[in-house]
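> Place chain H on chain E using the hints.
Take a look at the letters that make up each chain.
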Amino acid sequence: MTVYSAPGTPGSLVTFKPRYEHWIGGEWVPPVKGQYFEDISPVNGKPFTEVARGTAEDIDVALDAAHKAAPAWGKTTAAERAAVLNKIADRIEANLEMLAVAETWDNGKSIREPLNADLPLAADHFRYFASLIRAQEGEFTQIDNNTVAYHFAEPLGVVGQIIPWNFPILMAVWKLAPALAGGNTVVLKPAEQTPVSILVLIELLADILPPGVVNVVNGFGVEAGKPLASSPRIRKIAFTGETTTGRLILQYASANIIPSTVELGGKSPNIVFESVADRHDAFYDKAQEGFTLFAFNQGEVCTCPSRSLIQASIYDSFLGDAIERTRKARQGNPLDTDTQVGAQASNDQLEKILSYIDIGKQEGAKLLLGGDRVDLGGDLTDGYYVAPTIFEGQNKMRIFQEEIFGPVVAVTSFTDYDNAISLANDTLYGLGAGVWSRNGNEAYRAGRDIQAGRVWVNNYHAYPAGAAFGGYKSSGIGRENNKLALDHYQQTKNLLVSYSETAQGFF
Amino acid sequence: MDGTGAAVVASITIEGETQPRVALTASAVELLRQLWEQHGPLMFHQSGGCCDGSSPMCYPLGDFITGDSDILLGELEIGDARGEGAASPDSRSIPFYMSREQFEYWKHTFLTVDVVPGRGSGFSLEGPEGKRFLIRSTLIDA
Chain E
1 MTVYSAPGTP GSLVTFKPRY EHWIGGEWVP PVKGQYFEDI SPVNGKPFTE
51 VARGTAEDID VALDAAHKAA PAWGKTTAAE RAAVLNKIAD RIEANLEMLA
101 VAETWDNGKS IREPLNADLP LAADHFRYFA SLIRAQEGEF TQIDNNTVAY
151 HFAEPLGVVG QIIPWNFPIL MAVWKLAPAL AGGNTVVLKP AEQTPVSILV
201 LIELLADILP PGVVNVVNGF GVEAGKPLAS SPRIRKIAFT GETTTGRLIL
251 QYASANIIPS TVELGGKSPN IVFESVADRH DAFYDKAQEG FTLFAFNQGE
301 VCTCPSRSLI QASIYDSFLG DAIERTRKAR QGNPLDTDTQ VGAQASNDQL
351 EKILSYIDIG KQEGAKLLLG GDRVDLGGDL TDGYYVAPTI FEGQNKMRIF
401 QEEIFGPVVA VTSFTDYDNA ISLANDTLYG LGAGVWSRNG NEAYRAGRDI
451 QAGRVWVNNY HAYPAGAAFG GYKSSGIGRE NNKLALDHYQ QTKNLLVSYS
501 ETAQGFF
Chain H
508 MDGTGAAVVA SITIEGETQP RVALTASAVE LLRQLWEQHG PLMFHQSGGC
558 CDGSSPMCYP LGDFITGDSD ILLGELEIGD ARGEGAASPD SRSIPFYMSR
608 EQFEYWKHTF LTVDVVPGRG SGFSLEGPEG KRFLIRSTLI DA
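Chain order of the listed sequences is E and H. At position 473 of the first sequence (counting the first as 1) the number is 473 in the numbering used here, and the numbers step up by one without a gap. For the numbering used here, count along the second sequence from 1 and bump the result up by 507.
Next up, chain E with everything else stripped away, as it sits in the complex (with noise of 0.2 Å):
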């Protein structure tokens, strides 16, 4: 057991400036407007930096260094991206427990989770687009005998990428190594609820990243997230978040007519065979920690196991071992490596986990565990924290329905296997899902049956690079986390060429 010492006091890891100003063009550039706010930390309540309240002007200023940066990066080889991509995952590296206390620090999650999920998966991330482009080779058709058409994978140039606040650093990776490998400048805005881990991490990388190829703006959505979406100097505008601002997004990448890439988040099936309860062996298990990683990360996950679909005939028996299972979950000091469930990553979020809680029990959903927030004592006494919860009810209540992004689980049961598909497809979303069951060719039908962009056959939660991650239905457009993703920051330049000397005969 290890607890890292606060920010702020004796022997942290970490030291935060008392302000941040923007990353552009390589070092700090003030706010045009002069303007800060406060950044305030889940783990205990209170502001301990403040950030840059960036506006359109400090957009344009970012867009200006990106700009200025793009011909050259666009013309470094695939050997020297992938160098400078590898040099990144090894300050990474690195640097781990320290990005860690600071990725608590600014979300609120225990820090086991940074230690050895977060950063570890951050560093893999750039190694894999690394190698991506290393080995990207360009097609080329022979139309006809004196006629070959080449086909090149270009940069789009300059790109946008609005990233979210349940895995600040890990999201902004997700856009950030493949814009990078295909050879793209970016401007960046973080979430404002965490917007300094990623300066932390991008201050690191000063002397890797050549200036102006990464530029950081912070600010609220309204104020610096919009400019950025609706520049027409952006060629491509990626976003993670909600379906409405994923609609406005899209609405100005066809005022600009450029491509968008959008992840919108789910309502994910988690689908529990009779065949799991076979046997009480490691596997089952192993379906029971299935179960109870509705948690994780204090359910702040888009594909947060949020919707527990058990067969009638093991439902009493596996969802309570599930209950006890989750019971012992350890939520404490996301600083201690012990604890299991940290806190919420803001104040609104508190409060709206609360209100799901609240319409839950108005539904007549049964409150089978927790359902109160934590008041964990002392220093934490103002952190935003919920016990897990478990409800039981059925599929139409809106906790079913809807992505509360906390650590509540709906349970419910299901007869057979077209009951099970049929409650597992009544969702607007399919961005996740999970099967559990002994019989192979039960998960695989499953697997193919559920519309959802990621399904997880006898794991969950895991995000390995390689593993194509994207949404079906309302849950979004692309796919990340896979050389599929390097195909949403490149364009095909086609060059069709003639070896004749003939002319076409036309006049």
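Wrong hints could be hidden among the right ones.
[Stated by the list, open to error] The calculated SDA-like cross-link candidates involving lysine to any residue, where the alpha carbons are at most 25 Å apart (straight line), are:
1. E:Lys396 - E:Asn419
2. E:Lys396 - H:Ile578
3. E:Lys493 - E:Ile258
4. H:Lys614 - E:Asp426
5. E:Lys473 - H:Asp577
6. E:Lys87 - E:Ala206
7. H:Lys614 - E:Asn425
8. H:Lys614 - E:Gln401
9. E:Lys46 - H:Glu636
10. E:Lys33 - H:Asp577
11. E:Lys473 - E:Tyr417
12. E:Lys17 - E:Met1
13. E:Lys493 - E:Gln136
14. E:Lys396 - H:Thr645
15. E:Lys396 - H:Thr525
16. H:Lys614 - E:Leu354
17. E:Lys46 - E:Glu351
18. E:Lys68 - E:Lys46
19. E:Lys361 - H:His615
[As the list claims (entries may be wrong)] Listed next, with one range per pair, are the computed distances between beta-carbon atoms:
20. E:Gly378 - H:Ala588: 34 to 42 Å
21. E:Ala282 - H:Pro624: 40 to 48 Å
22. E:Arg448 - H:Ser534: 21 to 29 Å
23. E:Gln35 - H:Pro624: 14 to 22 Å
24. E:His67 - H:Pro567: 26 to 34 Å
25. E:Ser254 - H:Pro567: 32 to 40 Å
26. H:Pro567 - E:Asp487: 17 to 25 Å
27. E:Lys361 - H:Arg607: 26 to 34 Å
28. H:Gly574 - E:Asp426: 52 to 60 Å
[Unchecked claim] Simulated coverage check for chain E against chain H, where a stretch passes if three residues somewhere in it have a Cβ under 8 Å from a Cβ of chain H:
29. 213-223
30. 233-245
31. 399-407
Derived from the structure by calculation, the hints contain no laboratory data. Every residue, glycine too, gets a C-beta built ideally from N, C-alpha and C.
What follows is chain H alone, placed relative to chain E:
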């Protein structure tokens, strides 16, 4: 049925319906009056999905393009610039929209727009004010 602590109840805009569906708390009315002064006419579109999903997003009227895929749940009257209530001939009206597919899952609930301390909610106008609109829901027969 009014929502908890409703100060303004929306008009009925869905054909064939007889009960309102949306309301504002007094603090929501106050914040909307302030935002109207800053940004002009306003609209709401109810979000879904991840992160800040389930938040009512407040935009300058027309900034968000609605279409046949959306449903107007009601018009919210926040009174005129002199502080007169909804009865004023100059009362300012804010439409509240939701996507039709989402409405299918929400239609059994009455929505009250409230305000909580917070920050950031997509491109919603209240973000910089250190406040955030929040939906509180109560069951209705529908």
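> Please go over all the hints and tell whether each is borne out by the structure.
Consistency of the hints with the structure:
no. : hint                            : result
1   : E:Lys396 - E:Asn419             : holds (14 Å)
2   : E:Lys396 - H:Ile578             : holds (20 Å)
3   : E:Lys493 - E:Ile258             : holds (16 Å)
4   : H:Lys614 - E:Asp426             : holds (16 Å)
5   : E:Lys473 - H:Asp577             : holds (16 Å)
6   : E:Lys87 - E:Ala206              : holds (12 Å)
7   : H:Lys614 - E:Asn425             : holds (19 Å)
8   : H:Lys614 - E:Gln401             : holds (12 Å)
9   : E:Lys46 - H:Glu636              : holds (18 Å)
10  : E:Lys33 - H:Asp577              : violated (37 Å)
11  : E:Lys473 - E:Tyr417             : holds (22 Å)
12  : E:Lys17 - E:Met1                : violated (28 Å)
13  : E:Lys493 - E:Gln136             : holds (15 Å)
14  : E:Lys396 - H:Thr645             : holds (15 Å)
15  : E:Lys396 - H:Thr525             : holds (23 Å)
16  : H:Lys614 - E:Leu354             : holds (20 Å)
17  : E:Lys46 - E:Glu351              : holds (17 Å)
18  : E:Lys68 - E:Lys46               : violated (39 Å)
19  : E:Lys361 - H:His615             : holds (14 Å)
20  : E:Gly378 - H:Ala588: 34 to 42 Å : violated (48 Å)
21  : E:Ala282 - H:Pro624: 40 to 48 Å : holds (46 Å)
22  : E:Arg448 - H:Ser534: 21 to 29 Å : violated (49 Å)
23  : E:Gln35 - H:Pro624: 14 to 22 Å  : holds (19 Å)
24  : E:His67 - H:Pro567: 26 to 34 Å  : holds (28 Å)
25  : E:Ser254 - H:Pro567: 32 to 40 Å : violated (18 Å)
26  : H:Pro567 - E:Asp487: 17 to 25 Å : violated (35 Å)
27  : E:Lys361 - H:Arg607: 26 to 34 Å : holds (27 Å)
28  : H:Gly574 - E:Asp426: 52 to 60 Å : violated (24 Å)
29  : 213-223                         : holds (count 4)
30  : 233-245                         : holds (count 6)
31  : 399-407                         : holds (count 5)
In the structure shown, a violation is registered for the earlier hints numbered 10, 12, 18, 20, 22, 25, 26, 28, in ascending order.
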